[in-house]
Structures are given as C-alpha cells and as structure tokens.
Amino acid sequence: MTEVLLLGRRAVREVIRLPEATIPTLFIPLFFLAVNIGQVSKTFPSTTPFLHGQGYVGFQLPVSLMFAVCTATSGLALVTEIDLGYFDKLLVAPIRRSSIIFGRLAADLVRGIGVSTLVLLVALAFGATMRSGVTPNFVPFDRLSPVMEALARANPVSYVIEGLRSLVLQGWVPGKLAICVAVIVATGLGLTWLSVRAIERYDR
Amino acid sequence: MSIATADDPAVEARGLRRTFKGGVEAVRDIDLRVERGEIFGFLGPNGAGKSTTVRMLCTLLPPTAGSAKVAGVDVVADPAEARRRIGVALQEIGLDPVQTGRELLELQCGLYGIQGSAARARAQELLELVGLTEAADRRTKTYSGGMKRRLDLASALVHSPEVLFLDEPTTGLDPASRLTIWDEVRRINAGGTSVMLTTQYLEEADQLCDRLAIIDAGRIVVEGTPGRLKAQMGHDVVSVALNGADVESTKAAIGELPGLERVVVESEALALYVEDGPASIAEIVRRLDRQRIRVGGIAVARPSLDDVFLRSTGRRLEGDEEVAA
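Chains as they are written, first to last, in my numbering: chain S, 2 to 205; chain B, 37 to 361.
These aren't lab readings, by the way, just hints derived from the structure by calculation.
It is possible that part of the hints are untrue.
Residues from chain S shown here face chain B by an in silico Cβ test under 10 Å; the list is partial [claimed, not checked]:
1. Glu15
2. Lys43
3. Phe45
4. Gly86
5. Phe88
6. Leu165
7. Leu168
8. Arg198
9. Ala199
10. Ile200
Sample of chain B residues lacking proximity to chain S, with all beta carbon distances greater than 12 Å (derived) [as the list claims (entries may be wrong)]:
11. Ala113
12. Ala125
13. Gln127
These figures come from a predicted structure and were not determined experimentally.
From the three backbone atoms N, C-alpha and C, an ideal C-beta is built for every residue, glycine too.
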C-alpha cells in the first residue's frame, strides 16, 4: 500500500506540474456542454417530460462528466515512462508491479475529481440544479430509432449516464443507480485486471 | 526460496541463454562468475549481448535457458529477493523528467522501504556523493547528460545494494563526465559493493575493471584480468602508417622480419605483431629504406585490449571494422 501511495503522490505532483496535460480534458467536456445546450435546449424546453422540469443542461451534464473522467491520461503517461526508461527503474524495484498501475490511477482520480468539479460548477452557472446531489447522449432511450435504441442499450456507458442523469433530474432512483455502479465497478475491475495482467507479464 | 550467504559470488550464471522471437539468439549459453568486491567488465560491441545479459541478471528479462544468481539469489525462482539485493543503472537513463532530483531519490528510498527522515537523510547523502546538491531541487529535465547519469547512479544506490549493475554507464558522456563516473564507481566499489558493468570502451574496461569478459555474438570469447589478457598476447605491435605507400610492396619490403608473428592490414596502416617492438624498428626502417618506400610513421605499442579483441574475434572493437591478415 505504501508503494501505491508513493507512486500516486508522484503522479499527482505530475498532474499539478503539467497543467497543459489537463486542459484538453477540461476543454472537451465544457465544449460539448456548451455546444449541445446551445443547439438542443430550444428543442427540449424544461416542460419536456423526460427533463423532469429541468433545463436541457441538466440532461447533458452527465455526458460532460463522462467526458471529464474518461479522458484519463495514465495510459499515455505510462507509455511515455516506458519510452524514457523510468518504467524499467520501477520494474527492478522490489514492489508489486500492480502498484505502478494503481499509482498512476491515483493521478487520474485526482484529475477526474478536479475536472468534474469544474464541469459541475459551469453547468450550475448554466442553470442546472441538483435533485440529489447528478446515455443515450441527447435524448432518452425511447426517443431513439429502434436500431439506435438497441445499440444504446447494449452500450454499458449508457447505464452510467442514465444513473448520473437520474441523480440530476430525479433524485435517488435505486434501480438506475445500482446498474450505474455495477457497470462502473465491473468495467473498472475488468480493465484494471487486464492492465495488471499486462504489466505482470511485461518483458521486452 | 533461495538461501543466500555472504560467501556466494556476486553473480553466477550457468548456460544462460536468451532467444528472442524470430529465433534471434542474443545470448548463447553464457557461464559467468563475478566475485564479491570485484569490478567486473563486460566488453563488447553493440549487439554483442551485453545488455540482454544484464537485463536477465536484473530480473527484467526471463532467460530462455540456463540459470543465474545474484548475491546468491536465483533471479528466476526469487526475483523479488534478487531485486532487493541489486542496484541497476541501465543504458537508458531512467529518470522522471517532471520530478526534482531530490524527489526522485526520496521516492526511490520509499520503494525500498526507507521512509520519512531516513529517506530524506539518505537522499541528501547520495546527492552529496554524486555532487548534485545544488541541482537537487531542480526538475531532472534541466540536467545535463552527465548530471542525469550521476543521479541515475545515485538512485541505484539508495538501499546500499550488494551488487550494482551498470549498463554502459558512460555512453554518450563527454570525457570529463566519464572520468567523474569512473571515480564514483571506484568509490562505490571501495565501500564494498560489487560492480558489474558493460561497456564498449576499451579504456573504460582497462582502467576500471578488476576482471573482464569479452563478449561477441552472444558468447564470451575470453575472460581474465586486463593485465593478464594483454600479457597473453606475448608481443608488441609496430604500426606502420602507409601514408599512400602500396600495401603489398610495403609488406614485401618488410618480409620475414625476425620475431614477426603476423601482419594485419588495417585502413591506412600495417600492424606488425613482433616479439620485441623497439628492437624491430631499426630493421623495419632499414628494409623500407632499401626498397625506397616512404611511409608516414612508425610507432610501437604494447598490446591493448583491442588487440585481445582482435585475436579473439577477428575484428577490432574500436571502429568495429573487419581486418584481414
């Protein structure tokens, strides 16, 4: 655990010292938030049933939050580290190789919280309100064409956005939140397992 | 689990082999023994298998066959314990450019279980050892090549390893930085750390190593102390600079010189391997003068490690060129 904290602290220091790496992860969610609200909010006024009395900004906010946390840069940082040779230095240290991954993820956690907070503040400034505390990307499932609806329902990200959206628009909806958390946990565990497996087997 | 003792050699490899995908045999059944307290050199050209061997000994690369122990610990059976006992500075300098020198050393201390004030004190001690106290709080991306190399060396020493592996520690450095690294390696070794280094520089192997092995095409071709390897050559080398003179005419003019073992044609020079170099010069000059052949200069040299390399592999290491007898 100590090694994860040490490597995490280093990675967080890197996030702070390289703001230019974080700016794109902030720019993209804000850009889409502004563009989508500007384009679509007139089509869907707050009286639209699926908006539950909120403006369209509330409906779009979870999408921007997804952008904010999904543009993680740990993988890229790890590749750079392999290129620079520092990765080998870590590999010959008497630490679990998985801690290299978890240390990097700590930086993404900090960056994700920071960027999400900013996105949230901007959305509040645009008029979003929280029913509880926060895809089909642009409209609910039932407004999509049958083919698009099938694709959206097969996409696990949809359920994460639906869960987040329920928090913003409806308050606590246990069913949607449970699926949202399950998808996040399953995806997180699955991808982390693959990363750890890859790094455990790493040799040139 | 290995049971290692202080009597175990620093490095011991038997039949160590590494074959890469596509059948490339980088290291072919190497046997190696580095004693405690030694500076052992692994001398060879690029692609000879030096770095691959070091990567296997450092647990970075699994061997295809054979076995290896460092400080008595099997690197395949117990890599975690082996890592605790070794320090490694690889050819690619492993530094994080965003951190300062001090931060990197303190982090490295933490990874080896040294924390808090002990880590801070150890980092300071190492910064002083490698002469980087003034630059300690600058990010490493601002360091020169020599400074980076010294910091990398320091980071390999945080846990006072029993065996230090240095893969081409002075490649790309200017002569002054090279001498600084040599001094530091000697100082580290004097403190009791066994050192195994790879190099392609003859002078480095000659000056720094107690013993060395010459590796070529994945095989160790000769091994011993630099002095003994050179003494085994048993001859001096008289170098005749041709300066435009015809090779065959010059060879013919010199003819069957007393004590001549062989003649090697190099670019722009003849290398004459003779029993007694100084005594041969007068005779060589007389013979060339008799045939009115003008050469650029004649010099006598004691056998070098390059001559050892030449005799062992048929090629020179410096310049890496093929020569023909």
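Hints and how they fare:
1. Glu15: With Cβ-Cβ at 5 Å, under 10 Å, it holds.
2. Lys43: violated (45 Å)
3. Phe45: Status violated, d = 44 Å.
4. Gly86: With a closest approach of 3 Å, the Gly86(S) hint holds.
5. Phe88: holds (8 Å)
6. Leu165: violated (32 Å)
7. Leu168: violated (36 Å)
8. Arg198: Violated. Min distance 16 Å.
9. Ala199: violated (16 Å)
10. Ile200: Check failed: Cβ of Ile200(S) comes no nearer than 13 Å to chain B, outside 10 Å.
11. Ala113: Its Cβ never comes within 12 Å of chain S, the nearest being 15 Å, so this holds.
12. Ala125: violated (9 Å)
13. Gln127: Gln127(B) is in fact no farther than 12 Å from some Cβ atom of chain S, at 8 Å.
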